[in-house]
Amino acid sequence: MHVAPDLIEQIAQQLQQIAIDPARARELAIEVSRLNSAVLGAIDNINFDDEPAAFRALLERHSR
Amino acid sequence: MSLDLALMDLSEVASAIAGGHTSSVAVTEACLRRIHEWQPALNCFIRLDEDAALQTARERDRELARGNRRGCLHGVPLAHKDLFYRAGRISTAGSQILRTQTASVTATVLQKLDDAGAIDLGTLNMSEFAAGPTGHNVHFGNCHNTFDQDHVAGGSSSGSAAAVAARLVFGALGTDTGASIRVPAAVNGVTGLKPTYGRVSRYGVFPRSWSLDHVGPLARTARDCALLLQVIAGRDPHDSTTSDRSLQPLESFFDGNRLDGLRIGVPEDAVLGEVHAEIAAALSEARKTLERLGAKIRTVPFPDPKPLYFVAETLIKSESAAIHRKWLNTRKQDYAAHVRVRIEAGLYVPATQYIDALRLRTLLTERFLHQTMAEIDLLYLPLVPFPVPTIAETDVEQKGGEEVLGVVGRMTQFTRPINLLGLPALSVPCGFCSKGLPIAFQLVGHPFDEAALLRAADAFQQVTDYHRRVPVLRSAPAQSSTVAR
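Note that the protein sequences, when read in sequence, are chains W and R.
Going by this note's numbering, the first sequence opens with residue 1, and the numbers climb by one from there.
Going by this note's numbering, the second sequence opens with residue 65, and the numbers climb by one from there.
Since the hints were derived computationally from the structure, they do not count as laboratory data.
None of these values were measured; they are calculated from a predicted model.
Honestly, I wouldn't trust all of these hints.
What the hints assert, rightly or not - Okay, the calculated bits of chain R under chain W, using three or more residues with CB under 8 Å as the criterion: (1) 258–265; (2) 303–310; (3) 371–384; (4) 388–398; (5) 405–415; (6) 427–438; (7) 505–516.
Claimed, not checked - With the Cβ distance kept under 8 Å, some of the chain W side facing chain R (calculated, not the full set): (8) I11; (9) Q16; (10) L35; (11) V39.
We put the beta carbon where it would ideally sit given N, CA and C, even for glycine.
Model the full structure from these sequences, guided by the hints.
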């Protein structure tokens, strides 16, 4: 999934109120695309009732 | 004689002090002498509290003379990564931004070590804000490898590993978010434990990523790591992620030198395909040693590490961005560039993707436990898959470029996925490369089964001496010391 550098610049300015130069926005667009794709590519494996806190319970359940 | 005291293991010196065979003052002085000798070459201390340490040592000796032994670390000098808070003391997290920041609370783990009688010699160098596996630091100077000062000390707990390896302290605490205990332990030839997520409190510790941060010990032996773990583990009302699951008694960790019946899994060869030949040979030899001790080795499936790696990256960057957002805006110039770029992407990850990464963590861990760990007690993995690189080869700040970034990234390829899974993992010295730098293997265990890791490593260390090799100070000072007093 491609993230446009423009979007990074807009998020920086409008949501995060952080200044960013265009060259850095291009690098970040590539990085964010990679992370975003990794998560989006796997979410079909989780259900609506899978909650983040289940992780600690899993460790306890499988403890030795 | 004093120098010999500093060369003892933590367990040995604690017994010697308790038995009246030496004093805390003598041991502390021995450590301080070595610190003055080695600090210019290693730059592993950020702060040295010499007078306070000697004063505490005298007090511990007086207490013992009155029959009052505080605990199993009574009178033993330690020092820790400079991100563990002690009320009233500056904790820099290796950064310019926190260079004058005084902590208002004491980390739970430091309080537990104090209660057990340990002496705190000062604070240890680290990668800025615990970001980076090499030990480079533009603010306090790079920390150097104990066996060859041209090479990296590993990171981010660089000073912790270097100080333990050079026999300046008997043990140290570090933190591990993707590699930061295990890699520095590996490249300096010491033993480093990343406990299960929830085993040790993170309260009063500057965070890199709340979901992936683990506090753990570095020491010369598995036994010493076990002793430190016994002290720092446990439920903490200040940290809701901690477990009240108790550790087995220390004695039961080490009930013999055999590993009969222990099932150790090794990933299929394809997973290990990119391991350098010298490392592969040392790993193969160590595996045979474990087999000779009675362990049953079997091949196990290992998942594609990329999803584990990228889900972990999503969590680290998102949480780091939240931690650093204010400073990224107002104090951008006070970060090393290579540290800032490790954080910034998190500002642009949607909240839904961050939450889904947390949800995927449970799924990926459950799969890993069923597919890889179900038929084994321990998993055997490489640690750093190539010989320890030089400081110049991995200087992202000065050189940058894809090649440098590639080397730095590959240093954590076998460690970062384990942080996502929250499983306990141990770095164990198992050889030296042709340039004389340490090699280590990694053991990964089931949740809260640190005992199995430590027992296997202890048996290995009973029949090998890689962890016994004491580095020799070879060169003129690598750089000016920046240590504060």
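Open item on the list: Taking beta carbons only, do three or more residues of the region 303–310 of chain R come closer than 8 Å to chain W?
Closed with: holds (count 3)
Open item on the list: Three residues or more, CB to CB closer than 8 Å: is that satisfied between the region 388–398 of chain R and chain W?
Closed with: Per the Cβ count (3), the hint holds.
- [ ] Please verify that hint: L35 (chain W), Cβ, nearest Cβ of chain R, below 8 Å or not.
- [x] 5 Å, holds
Task: Cβ contact check, 8 Å cutoff: the region 405–415 of chain R against chain W, three residues minimum - done: holds (count 7)
Open item on the list: At least three residues with a C-beta closer than 8 Å to a C-beta of chain W: is that true for the region 258–265 of chain R?
Closed with: With 3 residues closer than 8 Å to chain W, the region 258–265 of chain R meets the three-residue bar; holds.
Task: Given coverage of the region 427–438 of chain R by chain W, tested with a Cβ cutoff of 8 Å and a minimum of 3 residues - done: Our answer is that it holds, as 4 residues pass the Cβ test (under 8 Å) against chain W, meeting three.
Task: I11 (chain W) as an interface hint toward chain R, with CB separation required under 8 Å - done: Since chain R brings a Cβ to about 5 Å from I11 (chain W), closer than 8 Å, the hint holds.
TODO: Quick one: see if chain W covers the region 371–384 of chain R, three-plus residues with Cβ-Cβ under 8 Å.
DONE: Since three or more residues must qualify, the claim that chain W covers the region 371–384 of chain R holds, with 6 doing so at under 8 Å.
Open item on the list: Taking 8 Å as the Cβ threshold, is the statement that the region 505–516 of chain R is covered by chain W upheld or broken by the three-residue rule?
Closed with: holds (count 6)
Task: Cut-off 8 Å, beta-carbon criterion: hint that V39 (chain W) touches chain R - done: Status holds, d = 5 Å.
Open item on the list: Would the hint on Q16 (chain W) be counted as holding, given a Cβ-Cβ threshold of 8 Å to chain R?
Closed with: 5 Å, holds
Comparing the model with each numbered hint stated earlier shows that all of them hold.
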